Structure formats: C-alpha cells, structure tokens
Amino acid sequence: MEKNKINVYLADDHNVVRKGMMRLLGTFDRVGEVKEASNGRELLDLIEGREPDAVIIDLEMPVMGGIEAGRQISDHFPDVKILMLTMHTEGVFINKLMDIGVHGFLSKSAEVEEVEKALYSVIDKDFYKNDIVEKAIAKAINREPEDKYSKLTTREIEILLLICQEYTPGEISNRLSISEKTFFNHRANIVTKTGVRNNIGLYKFAIQRGYFSA
Amino acid sequence: MAQLSESETLFIVLVGSTGMLLLIVAIGLFTFIYQRRIFSTRMENIRREQEYAQNMIKAQLESQELERTRIGADLHDSLGSLLWGAKVNASFIHRSVDLTAQAQESYRELIQILDQSIDTMRRISWELTPEAFHHSGFSQSVNKLCDQLNGRGLEVRFVETGNQMWNDEDGIQAFRIVQELVSNAIKHSKASLLEVAIAWENNHVWVEVQDNGTGFKLNESRTGVGWWNIEQRAKRLKAEIVIGNPPMSGGSTISVNIPLKYGKE
Chain A
1 MEKNKINVYL ADDHNVVRKG MMRLLGTFDR VGEVKEASNG RELLDLIEGR EPDAVIIDLE
61 MPVMGGIEAG RQISDHFPDV KILMLTMHTE GVFINKLMDI GVHGFLSKSA EVEEVEKALY
121 SVIDKDFYKN DIVEKAIAKA INREPEDKYS KLTTREIEIL LLICQEYTPG EISNRLSISE
181 KTFFNHRANI VTKTGVRNNI GLYKFAIQRG YFSA
Chain B
1 MAQLSESETL FIVLVGSTGM LLLIVAIGLF TFIYQRRIFS TRMENIRREQ EYAQNMIKAQ
61 LESQELERTR IGADLHDSLG SLLWGAKVNA SFIHRSVDLT AQAQESYREL IQILDQSIDT
121 MRRISWELTP EAFHHSGFSQ SVNKLCDQLN GRGLEVRFVE TGNQMWNDED GIQAFRIVQE
181 LVSNAIKHSK ASLLEVAIAW ENNHVWVEVQ DNGTGFKLNE SRTGVGWWNI EQRAKRLKAE
241 IVIGNPPMSG GSTISVNIPL KYGKE
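Going down the list, the sequences are from chains A and B.
Take the first sequence: its position 190, counting from 1, is numbered 190 in the numbering used here, and each next residue is one higher.
Take the second sequence: its position 92, counting from 1, is numbered 92 in the numbering used here, and each next residue is one higher.
Calculated from the structure, these hints are not laboratory results.
Just so we're clear, the structure is a prediction, and the values are computed from it rather than from any experiment.
Glycine included, every Cβ here is placed at the ideal spot set by N, Cα and C.
Honestly, I wouldn't trust all of these hints.
Unchecked claim - Computed cross-link-like contacts, DSS-like style, restricted to lysine-lysine with a CA-CA straight-line distance of at most 27 Å:
(1) Lys96(A) to Lys129(A)
(2) Lys144(B) to Lys135(A)
(3) Lys96(A) to Lys144(B)
(4) Lys139(A) to Lys129(A)
(5) Lys58(B) to Lys261(B)
(6) Lys139(A) to Lys35(A)
(7) Lys144(B) to Lys139(A)
(8) Lys235(B) to Lys144(B)
(9) Lys129(A) to Lys5(A)
(10) Lys35(A) to Lys129(A)
(11) Lys58(B) to Lys190(B)
(12) Lys129(A) to Lys58(B)
As the list claims (entries may be wrong) - A few chain A residues facing chain B, derived, Cβ under 10 Å:
(13) His14
(14) Val17
(15) Lys19
(16) Gly20
(17) Met21
(18) Leu24
(19) Gly49
(20) Asp53
(21) Glu60
(22) Met64
(23) Pro78
(24) Val80
(25) Glu90
(26) Phe93
(27) Lys108
(28) Val115
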C-alpha cells in the first residue's frame, strides 16, 4: 500500500476490460496500488484482507453483482469510496444506488478521462457529481416522505451548501475559518439529522428539500 | 294353417306395429344421440384447436418477448462493456505514446466511432427491451421512441392529451404495437413526417400513428410478420385497429383503440 496515494480495487467480469482499466489506472498520477477482482464476492474478499481508498465496480457481474457488492461495502466498510461503472443510467437504478451509499457513477459511454476526475472527486469530496446524478435526482424530486428529520441549524445549512458546491473539507474549513475537526463534527450532525450515508446522499437531500438547486 | 281369429290378427298387427314403432323410435333416438355426440365431439375439437391456437400465439408472443429481453440484455451488458474496454485501451495508448498530428486525428476518430457504436448499441438494445418499462410506463416509452427516431432523415412528432401511468404487461403489448406501426411506416411509406398521438380517455386509450408517405392500399391484405404481430397483440388487448387515409395530406393514419382494464393487476 502506498501512502498519500489512492489505492484502488477494481471489479469487472470482462477480462480484457479489466486489464485495460488496470493499465489506465496505472497512468493516473495520484493512484497507488491497484488490485483486481472478477466479481463482487472476490472484491469483498480483497477488501476484508485490506481496505482500499476506493473501489470501481462494474454494475453487471455474475456471482455477485454491483448492487449487492455496493450494499455490503457501504454497510461494512463505510470509509471505502464506491464508484459504479454502468451501462444503466436510468434514474430508478441510480437513485437506488445512491440510497445504498454509492459515491459516484460513470457511464460506459462517458469519456475515459472522466474515470480520473471521478476517482479524485470521490476521494476529495466524498461524491462525484455528474449529469447521471443530476438527472436521477431531478426525477426523484418531491417523492420523499414528509419531514422526519430534525431541523438543520444555519451553520449546518451553510456547510451543506458548500458540500453541494463540491468544496473539499479543507476548502470549507478555510472559508468558514473553522478547523477541519469542527467541520467534520458539523457534517456528522447533518448526516445524523438527515439519515443519509454520505455526501451524495446530502446532495440529493439538499436538492429534494429545495436547499440547493443544481 | 289354422284360421286366426280377427282379434288375434288385430293383436299380432298391433304388437307388430308397436314393435316396429318402438324400433323406429329407438333407431331414431340412437341416431339422434349419436349425431349429437359426434357434433359435440366436433365442437369440442374445434374449441380445443382454437384454444391450442390461442395458446400457441400467446406462447409465440411470450417467447418473442423473452428472446428480445435476452438479446437486448446481452447486447447492452456484454457489447457495452467490450466497447468501453476498447475505449479504455485506446485512451491508454494515447497516454503512453507521443502521437503525430495524423495519429492524433486517427485517435479522435477511433473514439468517435466507438462512442457512436455505444450509442447505436444502446438504442437497439432499448428498442428490444425498453429498460425499466415498469418505471417509465407507456407514454414515456413512446415519447422516447419518437425522440430516438428523430433526425434520421425523418421528423417524428409526439402528441399526448391527458396522462396516465400504464406500465403493466398490457402496456408493454401496446408499446410493441406502436413500435411495429412506427417501423412499418418508416419502412414502407417513404414518409418524411410521422406523428404519434396518444389520447387518454376514461376507460380506453387511443393511439394514432399518422404519416405523410405513400399511403395504404385499404383493400390490400396485410400479411407479413409485422402485421401478424400487431394483430395478435391487438387481439390480446381486445383492441380495435382502424386504418384510414387522412383527408388532405396523403399518407395513412392507423388508429388503435385499446380498452383499459383497471384494478386487475
């Protein structure tokens, strides 16, 4: 495991595609060690051995698919950022996966360069915002049950909005002249109050509640 | 031979004719019952044959749907992944070597070709199995179908009055009818404009596909797989198909009136 570098595990059932992705990941400046798995089960075994910083998962895999793997990783290894690679970008799937705790999505029809951008984004900002996410949330607006969360304080809303604008924890602490520790305390409170899992959940929450518009 | 008395003769004649009569009645009864039995067996056979034919059609339509789902999913998941793999590898080569201006151009074109392949593949696979039909429903799927056809040398308009979520098995059947009608119009009518209209009413929905092409010969019998598909599906939905030529524009109009069943799901 390399320090200060992003260690990534990759799960994809297509051999050639996986090899190609491994090579590509190797060319990214900030990427450290890369390991591969051919399905969700193998990926979980790898993670149980040692936690990576991020995983890139193909949604469609035999043995254990991306949805189940995503759910288990999110439940048992909440620090691992999950990027889902998929052909299915229909709102229903994406919303379901966001609720499970997936941090970002990449379409197989996207630019390959987006992989690097998305990977850095889930590491730095805890989520990756792209049109797949925007479209899915737009479709799910006003479909949430009525208020069951305790009200956010002004400070918390301020922080929520900065997170939505894709500022990193460092940047937000600087702007608000608070320590990063304080930032994370605030964020933890927001997460508890809203009942979401991570920043993509906060982003979805903010849009659905009308705090933020994309 | 002893002379029979008159009463004896009468008795014999009476008994004889009664016997004959009974025999005739018995034969008649037998023939009647026999005929009825033959008739009912024949009816039963016809009924069975019809039932069999209906089941065959149902099975045929269902296996068609299954086959489409399989091919659609295969295309989408396998081919989609492989094309993505090709892009990833192309990108790696691009990152690893300094390319000449010409090679740069070739690389860009390669990526374009792969992107177009992915788009085409997605469209075909969607047409085979409308992804998430249960979530999008009939109207949205028809709308998307029209969108996808637009701009390929053809203008396709979508009009809807009223709005309902129709996403059950019947909705898929209805969507398949629209798909066939639209693809027929494109294939055979040489139209430049196509209009697909959905009108929701209380207990039925009207779907109309109108084109400005060469028109329909109304007396011509419609054979072919496309029409077979349309007619069988219409029969299952108890829908009525009306074919006409629009008064002004030439071309043809096909309307389908589909009754909606509520509370059956």
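Worksheet item: Against which earlier hints does the structure fall short, listed by number upward?
Response: When the structure is compared with the hints, numbers 6, 11, 12, 19, 20, 22, 23, 24 turn out to be violated.
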